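Peer 1: Numbering (this note's numbering), first residue to last: 744 to 1124.
Hint data in this document are derived by calculation from the structure and do not stem from the laboratory.
For clarity, every value in this text was computed on a predicted model and none was experimentally measured.
Careful, some of the hints might be misleading.
As the list claims (entries may be wrong) - Within a straight-line C-alpha distance of at most 30 Å, the following computed DSS-like cross-link-like pairs (lysine-lysine) qualify:
#, residue 1, residue 2
1, K1124, K842
2, K898, K913
3, K915, K862
4, K844, K898
5, K1124, K913
6, K786, K994
7, K1108, K994
8, K842, K826
Stated by the list, open to error - Per label pair, the in silico range of CB-to-CB distance:
#, residue 1, residue 2, range
9, D985, L1076, 18 to 26 Å
10, K898, G1078, 45 to 53 Å
11, S896, M1018, 27 to 35 Å
Glycine residues also receive a C-beta, built at the ideal position from the N, C-alpha and C atoms.
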Amino acid sequence: IVFALLLINCPGTFAQKNETVTGYVFIDNNQNGIKDGNEEGIKNVAVSDQVNVVTTDVNGFYQLSNSGYGIVFISLPDGYTTKNFWQKANSNLSFALTKTKPVTSFSFIQASDTHISEKSLERMNRFRALVDSVNPSLVLITGDLVRDALRVSEKEATGYYDLFKNEIQKVKQPVWLVPGNHEIFGIERHLSLVSSKNPLYGRNMYRSYFGPDYYSFNYGGVHFIALNSLEFEDLWYYGSIDSVQLEWLKKDIALLSPSTPVVTFQHVPFFTGGMSISPYEPDGPGRTLEKEKGVIKFRHIVTNAQDVLAILKDRNYPLALAGHYHYQQKFSLEGVQTRFEQTAAVIGPSEEGVIKMPSGITLYKVINGKIDEGIFIWMDK
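Could you build all of it, start to finish, from the sequences and the hints given here?
Peer 2: This is the structure we're talking about:
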């Protein structure tokens, strides 16, 4: 059975802002998706529209002023599963959950940069087989899901999105996604010929397919936070956590015990050695720096990484995961608890000069909230 947390909704437009949303988070005993009279609500579940965060009361009821992006989602609580953790905003939205056996030890895979197209389906088949052989509790995919949405037409971009959606539904384990730069639709308008007024422009195509581009969930005593590490101005993207997302992050972690382990996952990394390996050009899409409104931005690392780290500085924050560079990297600082790690690309091996880097995924094991060093698994051995 495919666990389709992220994949049950269809692309389309969203409800208007400023509409109050109410509903319940409840245990769906008969699995009909409707809160029946004898079904118990779940208290203290975080519900958000990517701007506001509220929690359910003792009856599982919430009320949310929808000022976000037309999406409402829950931070899935530990010990539960659901078929849809997000929905398009409406005046009444309830979330049906199923209770599961609590776990204190589990494993998860980080994969990245699938860059799906018809030509790369063999790589996806190989990826699924590898995931099945390991059988982790969950899978994180850190962006660049599709071959390209930046610089192609709406028809071509939605074709890649549809293909990825169809292929990822075949993964048997729970899958959690974040967008990469290749999911930002149409912004290189000189190539895509897409209007900035297109309703799917920018982040909206990703949201229409897969819901919130940043969110959180809980599993096995760990709080996982998905971040969108990309912003864009006019024609170009750059690495950044936007101000609305930073405020949401503060609200999200305010609900946690300080001892709860936090894992973040995103596409563009906070720190990397990759820029000293990759021959980025001074011009064009490969360049490292971008000036936006007179301010220099890094394109391939998060420009305001320190803002995120300041928010999380008093938290139990052992691991920050990212992709983007197509090869595994591990980055740490003496005296800093957080390990900054990137996995390789599913799409294939990478090569920079004489340095050859394999395609693969990283497997992590967690026991009582302690995350191990991870094992890199080659896809082509």
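Peer 1: Is the straight-line distance between the alpha-carbon of K1124 and that of K842 30 Å or less?
Peer 2: Distance ~39 Å between K1124 and K842 Cα, so the pair is violated.
Peer 1: Using the Cβ atoms, figure out if D985 sits within 18 to 26 Å of L1076.
Peer 2: holds, 25 Å
Peer 1: Given the hinted pair K1108 and K994, is their alpha-carbon gap at most 30 Å?
Peer 2: holds, 28 Å
Peer 1: Within 30 Å, alpha carbon to alpha carbon, are K786 and K994?
Peer 2: Holds - the C-alpha atoms of K994 and K786 are around 17 Å apart, at most 30 Å.
Peer 1: Note whether the CB distance of K898 and G1078 lies within 45 to 53 Å or breaks it.
Peer 2: Since K898 and G1078 have Cβ atoms about 51 Å apart, the given range 45 to 53 Å holds.
Peer 1: Given the hinted pair K898 and K913, is their alpha-carbon gap at most 30 Å?
Peer 2: holds, 23 Å
Peer 1: Holds or violated: K844 and K898, Cα atoms, limit 30 Å.
Peer 2: Violated - the C-alpha atoms of K898 and K844 are around 43 Å apart, more than 30 Å.
Peer 1: Does the hinted range 27 to 35 Å hold for S896 and M1018 at CB?
Peer 2: At 31 Å between Cβs, range holds.
Peer 1: Please work out if K1124 and K913 have their alpha carbons no farther apart than 30 Å.
Peer 2: holds, 23 Å
Peer 1: Is it true that the CA of K842 sits at most 30 Å from the CA of K826?
Peer 2: Judged against 30 Å, a Cα distance of about 12 Å means the pair holds.
Peer 1: So if I understand the rule, the pair passes when the alpha-carbon distance is 30 Å or less; does K915 with K862 pass?
Peer 2: Within the cut-off at roughly 23 Å; holds.
Of the hints listed earlier, those the structure fails to meet are numbers 1, 4, in rising order.
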